[in-house]
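Residue numbers (our numbering), protein chains in the order written: chain A, 1 to 597; chain B, 598 to 1194.
Bear in mind the hints are in silico, worked out from the structure with no lab data behind them.
The beta-carbon is built from N, C-alpha and C at its ideal position, and this holds for glycine as well.
Errors might be hidden in some of the hints.
[Said to hold, decoys possible] As a list, the in silico BS3-like pairs of lysine-lysine whose alpha-carbon atoms are at most 27 Å apart:
(1) B:K824 with A:K300
(2) B:K748 with A:K300
(3) B:K748 with A:K151
(4) B:K805 with A:K300
(5) A:K150 with B:K737
(6) B:K805 with B:K748
(7) A:K151 with B:K754
(8) A:K363 with A:K386
(9) B:K805 with B:K627
(10) A:K574 with A:K594
(11) A:K132 with B:K748
(12) A:K150 with B:K747
(13) B:K748 with A:K140
(14) B:K747 with A:K157
(15) B:K754 with A:K386
(16) B:K747 with A:K151
(17) B:K747 with A:K300
(18) B:K748 with A:K157
[Stated by the list, open to error] Every beta carbon over 10 Å from chain A, so not counted as near; a handful from chain B, in silico:
(19) G599
(20) D723
(21) E860
(22) Q955
(23) P968
(24) D1061
(25) T1063
(26) P1170
Chain by chain, the residues run as shown.
There are 2 protein chains.
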Amino acid sequence: MGGYIGKILRVNLTEGKISTEPLNMELAKKYLSGRGLAGKMFTDEVASDVDALSPENKIFIAAGALTGTNAPTSGRYVVVTKSPLNGVVASSNSGGQWGAHMKFAGYDMVILEGKADRPVYLSIHDDVVEIKDAAHVWGKDVYATTDTLKKEFGDDKVKVLSIGPAGENLSLISAVMNDLYRAAGRSGVGAVMGSKNVKAILVRGTGKVENANPDVMKTVLSSALGKLRENGVTGQGLPTYGTAVLVNIINESGIYPVKNFQESYDAEADLISGETMTANHLIKKDPCYRCPIACGRYSKWEGGEGAGPEYETVWVFGSNSGIHDFDAIHKANDLCNKLGLDTISVGATIAAGMELVQRGYIKPEELDGTPLEFGNAAGMVEWVRKIGYAEGLGAKMALGSYRLAESYGAPELSMTVKKLEIPAYDPRGVQGQGLQFATSNRGGCHVRGYMISPEILGLPEKLDRTSLEGKATWVKIFQDLTAVIDSLGLCLFSSFALGLSDYAALVNAVTGANYTDEELLACGERIWNNERLHNLRVGYSAAEDTLPKRLIQDPIVDGPSKGQVLKLAELLPKYYAERGWDEAGVPTPECLTKLGM
Amino acid sequence: MGGYIGKILRVNLTEGKISTEPLNMELAKKYLSGRGLAGKMFTDEVASDVDALSPENKIFIAAGALTGTNAPTSGRYVVVTKSPLNGVVASSNSGGQWGAHMKFAGYDMVILEGKADRPVYLSIHDDVVEIKDAAHVWGKDVYATTDTLKKEFGDDKVKVLSIGPAGENLSLISAVMNDLYRAAGRSGVGAVMGSKNVKAILVRGTGKVENANPDVMKTVLSSALGKLRENGVTGQGLPTYGTAVLVNIINESGIYPVKNFQESYDAEADLISGETMTANHLIKKDPCYRCPIACGRYSKWEGGEGAGPEYETVWVFGSNSGIHDFDAIHKANDLCNKLGLDTISVGATIAAGMELVQRGYIKPEELDGTPLEFGNAAGMVEWVRKIGYAEGLGAKMALGSYRLAESYGAPELSMTVKKLEIPAYDPRGVQGQGLQFATSNRGGCHVRGYMISPEILGLPEKLDRTSLEGKATWVKIFQDLTAVIDSLGLCLFSSFALGLSDYAALVNAVTGANYTDEELLACGERIWNNERLHNLRVGYSAAEDTLPKRLIQDPIVDGPSKGQVLKLAELLPKYYAERGWDEAGVPTPECLTKLGM
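Let's have the full structure, built from the sequences with the hints guiding it.
Okay, structure coming up:
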């Protein structure tokens, strides 16, 4: 058997009990690994009505079958748990090196259950696994924690995953961080770790991941590397300019949200573009495990250096907050990494706060003297810090923009779907992406089906972004394919260049499986439906497959997409039908039977 | 002024005196910076007859005018000193991050003169410069030294340059290492640092390098990045497979030396190719400062992980030693980095040792039980260690292959030019490269004029490698252009995609200079002639512009280039004429006058 290790590490924190168990390979056939398999185990093991921050919730930290192999972009792992932000199956994945090293240590998955009676961290050195006291790092930021625990471990090859103060403070927009700068960012997964009193997980693996067909793999790998190299996005745009290469592209399409989505075009966007970052801030590329793309940036800014911001981060702390100070954007990004926060949700919550101030909901006296207004860069950076440490109004903002806006009686000012903040694409100007935001199982998320790829970038083919034709089909396929990619432990960015057949070739070569393209995509569909069933159980219905009023009712006010609206009412029934769901968005028995669920 | 800082740090170790002085901008106009300017200052300040390992020798550690700017591949610095291996102007350059940070700290150059009365290291934190005691790290390897001194400095953003035990032991093939894995490798520069009792130099710079024309630079940068991306070597081969992409290419041309150049083709080369490394060892890319190419590899091997070997290293510990054990090659490479050794010279010395054993010169009883024979991988790795620590026969091998072979009365078995080991290209099958090896100012070196680029890779145009036509002209231009690239602080690999006009555009945009293409290339020619004049002063003559007998007299015995010989006697007079030198290879007064020397 290749790819899979075949072993799970289960840690009962309440009892301090560590055990291992074999991976259920029957389940793995149907749900692959990573997001899919961990999601299925989560829905099987955790009752849908448990409180996300209670000991009854569990955390499944899972690598993919391809994680840690020689497949390109195979550095990803996922954190699956019940989201404290919105109750969905949180499955936030992250790159860097940690996930591959969990496999090298001999595990496909680590499951955390119960709750420790004091702050602890988990130390995994191959088959030596220990629960250790973390009192001395509790309260410390991610950088200091990483440094301290690495020294304590005594081998600087150890990889560290940890939460920051935000996770300890149970911020609902807190992240799980690894390798200093990489985030399993969304859905508040950091708070779940915090609620269990787990500060960090160290892995040092000296083993390797087997490959079932090394000779076949050499050919498959060479083909995949060639496609990634020759593709304009993975071979040119991302390597040269990082993900912020999108700033100018998205802005020029007029779907670049400004000031909490009040506008959709920024005449000054180039001040904070990927091109400008490359000219003024880049120190070096900082690639994830086995990534030929290397979009990760290591940058320099006024007074500091470290990870450079991603596109979404640049946007959210930049134009969406009315800010063009690139140093301040770098600082805000660095603070999020340091404190263990999701940049998108933090920035969007600050922008919502700015609009709440603008419209008089938040009163000046609530701000403790820290400006919260569009365009104020220093204030923005300070609010990031306050959110991380839950200081003053920051404590409320640490619960995300929906709860913030709702507490002022203005939930419509929160640009969220299912309470999760929507990323940097105005859905009114890009119909498929709009439908995807509305139906994404985890809420306002771009990486569950990145329709920007066909609708803006023209990959794998160019679609008319204003047309509804075929979009329901595209969204379904993209969502299912993404579930496959996530579940294999690969990076979604590989899909700009690779297609279903490439992924089938990779998983078959590495694991020795024999998936046809259709069977593999059916795994993705199964994973999607499993997540959907969970959402229905926790109380979501078709009514929540929607977007904020602003993005449904009001036409875009400016720029190249001026006047456009999202025609969600027309798209949604087509999507349900495409999925084999009934009119209420519930999977039909036929659909589930077909998928063997 | 952009690019240049305008300040030199001079450290007199004998007196413990630290001073700064302005950079001589008049000299910089003619000799640029880095290799060129430091080389000129070296020949001005250090008498040609000083012993390289005496306190009278000086070390000039110099960044280029573009080092630390936003120019692509601008991470390089150079170590200029008199070579203890062969008396030439050693000017070994290295990438990584250290050089850029020396600029950030506020210096174009650090000059070390005299000799400390005890082991010391230099700590540079912007304008706070201290000579510190290094007794506790003397004897330690590069990794331990880096770790210890970083902790001592108390800021993990500090960059460390150091020597290993090999430099302390005055090995004539020892390197200066920086950022753990990057080497100013050749000509024994590590021993000169060792002779001065300087273990390490730490830099922490918080400043930045100014840019004279940021707007112009944005356009120039975008153009250069585009060319680097679209070029087959810098945009495809090197990023995907690292420099070891050359293994199959060079082998298939039949100029891939095997067993100390006894053969020139290896039927099993693919076992240790870049493609195989990528399939079996790569963990991630590890790019230098501002490098869009990112050929650096971070790899995994049996029992370890760290920097992956370069092409020359793979070859020298691989086919040139009759070895195809890729784990062993990785281990030998790692040991060289750890002990501070030049991989090419170490591997070539071991291979020469293997031939000396094969032919009965070295007796079994001299080996202390460690096998020294073609194909013995474990023995090879152990000999690397013995060379680093100067143990047994390793002490003699630490002086390089020429002194080793010469001590057994068989200097013809040392594959060197001017005592420096020749890299991985059989000159008999590639005439221009052969001429370049013979005339390179520092001896058997491929990176003073990489004729493989036109003669094998077809860049910037494809030349017939067996033809003599035009080769003297090409070699001259390549040598001069390389001197320009080195002296600006850029990586030679950029020249697969960029040409003279691109470099002129970059230096003019950054520094505000107005070099025409011709003026810039004349700087390169001036630098070349300055180095040549030094060689003549220390006693070299046309008689040493040659290659080992094996590579001149004997035709290639096997493979695609079978039967070929290097026609050096025909090439050399043309080259001298092309350079404006007399028949004895001495620059004529007209030549020097034309160059303003």
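T1063 of chain B remote from chain A - nearest C-beta pair above 10 Å: The claim stands: T1063 of chain B keeps its Cβ more than 10 Å from every Cβ of chain A (closest is about 31 Å).
Given hint K748 of chain B paired with K132 of chain A - CA-CA distance at most 27 Å: holds (24 Å)
Pairwise hint evaluation, K627 of chain B against K805 of chain B, where the allowed Cα distance is 27 Å at most: holds (25 Å)
Minimum Cβ distance from Q955 of chain B to chain A greater than 10 Å, as the annotation requires: Q955 of chain B is indeed farther than 10 Å from all Cβ atoms of chain A, at 34 Å.
27 Å limit on alpha-carbon distance, applied to hinted pair K748 of chain B and K300 of chain A: Distance of about 22 Å is within 27 Å: holds.
Pairwise hint evaluation, K737 of chain B against K150 of chain A, where the allowed Cα distance is 27 Å at most: Holds, because 21 Å separates the two Cα atoms, which is no more than 27 Å.
Given hint K151 of chain A paired with K748 of chain B - CA-CA distance at most 27 Å: Holds. K748 of chain B to K151 of chain A sits at ~10 Å (cutoff 27 Å).
Pairwise hint evaluation, K140 of chain A against K748 of chain B, where the allowed Cα distance is 27 Å at most: holds (19 Å)
Distance restraint between K151 of chain A and K754 of chain B, which requires alpha-carbon spacing of 27 Å or less: holds (16 Å)
Holds or violated: K747 of chain B to K300 of chain A, with C-alpha atoms at most 27 Å apart: Holds: K747 of chain B and K300 of chain A sit about 20 Å apart, inside 27 Å.
K805 of chain B paired with K300 of chain A [C-alpha distance capped at 27 Å]: holds (9 Å)
Given hint K748 of chain B paired with K805 of chain B - CA-CA distance at most 27 Å: holds (24 Å)
Checked against the numbered hints listed earlier, the structure breaks none of them; every hint is satisfied.
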